[in-house]
Amino acid sequence: MAKYIIKRILAAIPMVLIITVICFALMNLAPYDAIDAMTTPNMSPETVALIKAKYGYDQPVYIQYIRWLDGLINGNFGYSIVTHQSISADLAIRIPNTIKLILPAYLLAYVFAIILGLVAGSHKNKWADKLIDGLCSIGIALPTFWVSMLLMYFLGYKLNILPIVGMHTIGQENSLIDYFRHFLMPFIALFLSFLPDATRYVRSSTITQYSEDYVMVQQAFGASKAEIMFKHVCKNVLLPIITKLGMALPMLVTGAIITETIFGWPGVGPYFVKAIQGMDYPIVMVILVLSSTLVILGNLLSDILYCLTDPRIKDLG
Amino acid sequence: MIVMAKNKNDQKRRIENVLSALKHDKLAIASLVFLVIIIALALLAPILPLDPNTTDVRNMFQPPSPEHWFGTDDIGRDYLSRVIYGGRVSLLVGFLAMITCVCVGVLVGTVSGYCGGWIDSILMRIVDIMSSIPWMVLVTVISLFLKRGLKSIIIVIGFFTWMEIARLVRAETLSLKEREYVMYAKFVGIPGYVIILKHIIPSVLPTIIIAASTGIANAIMTESSLSFLGLGIQQPMSSWGSLLQNAQSYMQNAIYMAILPGLLIVLTIFAFNKLGNLLRIFVEPRVMSGEKD
Amino acid sequence: MDENKMTQTGERLLTVDNLKTTFMIHKTKVEAVRGASIHVDDGDILAVVGESGSGKSVLMKSIMGLLPENAQTTADSLVYMGRNLLELSADERRKMRGKEFAMIFQDPMTALNPLKKIGSHLTEVLMRYRKLNKKQAREEAIEALRKVGIPSPEKRLDQYPHEFSGGMRQRVLIAMALCCKPKLLIADEPTTALDVTIQAQILELLKQLRDEEKMSVVLITHDLGVVASLSNRISVMYGGLIMEEGLTDEIFYAPKHPYTRALLHAIPQPTTGVKERLEAIPGMAPSLTNPPAGCPFAERCKYACEKCESEIPAYRQYTKTQRAMCVFTEEELNAMDKEGKADGRTE
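Protein chains in written order, with my numbering: chain A, 1 to 317; chain B, 1 to 293; chain C, 1 to 347.
No lab work stands behind these hints, which were simulated from the structure alone.
No more than 20 angstroms apart at the CA atoms, straight line, and that leaves these computed lysine to aspartate or glutamate pairs for EDC-like:
#, chain 1, residue 1, chain 2, residue 2
1, C, Lys99, C, Glu140
2, A, Lys244, B, Glu164
3, C, Lys302, C, Glu339
4, A, Lys130, C, Glu69
5, C, Lys116, A, Asp310
6, C, Lys207, C, Asp195
7, A, Lys126, B, Asp25
Partial chain C-side listing against chain A, Cβ under 10 angstroms, derived:
#, residue
8, Met96
9, Ala102
10, Met103
11, Asp107
12, Asn113
13, Met176
Glycine is no exception: its CB is placed at the ideal position from the N, C-alpha and C atoms.
Chain A on its own, in the form it takes in the complex (with noise of 0.2 angstroms):
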């Protein structure tokens, strides 16, 4: 088993450096550089050839992206072109505002999507099936900015029970329930467009193990319908979700972006529009490499939670 899990991680290192070299070949590609930010049609050849020099814009591409490479994995992001603050003391602000918003809304959606799934799925065709299966049939054609712009409307303009933007009200920022309120309608939106894929998931796989041989046979054998749910199909169908639920990790950073930028919530998904509207593409690149890499950690967390929980797989090596 240690051995399967180290050959994917061996597997996974490569992978991530090729996003690298993707992203900074992009990063080149691009019409605008970080020169050009720092320098005016009026300056002289020989004062732009000295700020390329410092920046290290002279040296081969080669060395300029080990250069990038290595600061990458030191933790420095390099600059916005657009406010010269380091990226890295941005994100160490703003990712946990994202995770803020998104691991209850992520995880609550799971937790209700299991319970729904579970009923919709040992109650296939019945009205209770066909309702949640309906909702989520509706569900996953909402999209979710338009979600956004309805709750705005209704419960902070109409209602005017909950504030519109942002994450504190200015002056309360030690206040939880401010916190709160700011905090509930982006949560519900998230909630909401989490929810109905994770219930078909959770519905669909219910489906599969109830069609299951092992479930006529313990049927024969006296198990009663609770006994069959919550001591077979629940465990062989929480499993694999489980393992699923690593590949959440890169939603932790970019799973809102437009949620975000709607109710001016102060995560990566404004500062990330925001660079890619001004062209900032340090920023741009930083956060795709970023997310990218946690897209490939999230599989990899989830095949090792695999191998660890599923005992057909511990054995294979």
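Fit chains B and C to the supplied structure of chain A, relying on the hints for placement.
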């Protein structure tokens, strides 16, 4: 597995299955009707008495009324017309992006599955890498490099969502490769691309069709999101997504501007997904009978 | 005849009279069992023989109460050890499964929950019915595994299904069935999915357990060869009905029903000449959604006449233990054979 209808009887049974499913599912019928209406409106828009462009600032922000069924927008244009024309763009983008996506996906999937070996490895690696980047991030980044507009957004959606289809098609190709008629064709010396075109693709067609219908739904959703962020369709063209982006600023005066295009997006995506389900019933007859008799 | 095949107490365990089971699938009626009657006495090994689609599995599941919700079962009589199963609630019937009678199925590879240890499969059943604590249940489980011939049962208890071969898994299922000492074991083609050598072992095990555990067995199979050495009685099923039933010797040496006769002819003999054709029964099983009005076998029967196709024949009792559902008597069938009156449908 999905198989094409074997003969007339089989085909008849599949059609019966679909009809029976339809009968029991009123929503499915409604969805199909809705799709027909909306596609017809989109296609016929130029010859209908619609006027999306005339501004009439005296009548801005009129709520829906008999003269303006969807009201008017921020500069007095008839909103119904704008929404219908917006739908034209949204559906067009959805359709073309889906076609691109399916073409690339089928190409990569069949070649990868049929050739195997290092071609397969490399192509699948590419799929893996591209799948590693969260699509939202990938798509917004690429849009930096392309001039914003209709063509770009079709390319962006089409070229970055084909991975799933490629995987599906590859899996089917792999199993079809072992079928005797394929092996015979190979043996007799028929070139690979002919085999792929004449034998493999027809068998994979059902999968493709189902993937296409959900593909359109996804493409419409993606386009709306991108246009909403300002990265997709640009003025003077508008799509449902960009209409919503515009409506954001005026929610307090005219909430209907935000509700209507959004509602249409939801209904359209829902309807395409329902269509996908129906198609699935058509191509997988075993899904209907659940019992072993 | 093997002495082991003699009945033990001989009292009647199970009576099934005119059982009918229908499924409703999307408004279509599927008649899987159309009026089957069997009985099992203490000490019997009853073989229920029939081809796929004959309804033998559904019959057994109807008795056990294991059918899905779209199935409906009626019977003139369905009595097990004095209890009328039709009058019991679903919950009461459930509590009989695994305890009063037990059933094992065809495919051992998928019959166990892959994420649960073998031990917990067994202890669950034990704790459900025998009010044992964990430790006692474990001891019993080890004993059960030992009885079915699984070596090192203490270690095996903590292993997962994927660590067992097909034959071993089937043994585990038999062990589960034994746990609560039911008087009746129903085995639905228990060896069809296994290698021939393992088949023999499992069947031998069943016979051994019948003697040691004083358990009666209903063995569903489509393989007459399996039946010969094991069972003392046979019921032949076709098209949802029991065509013929009798003692094993009666069936093998003096079959009364054309279907039984055809089945026996179809068994390849070591003495069949190299150039001789194997005798198959031409045609296909009758439709379950639109069953024929007369004898279900009429379409494929070489003796069939008009009367056969118009109504289902009544049983003709030949001996105390043997009866067949056919218009013609044995003598009439033999006569038709001699005269070559058979219309040559088997050929």
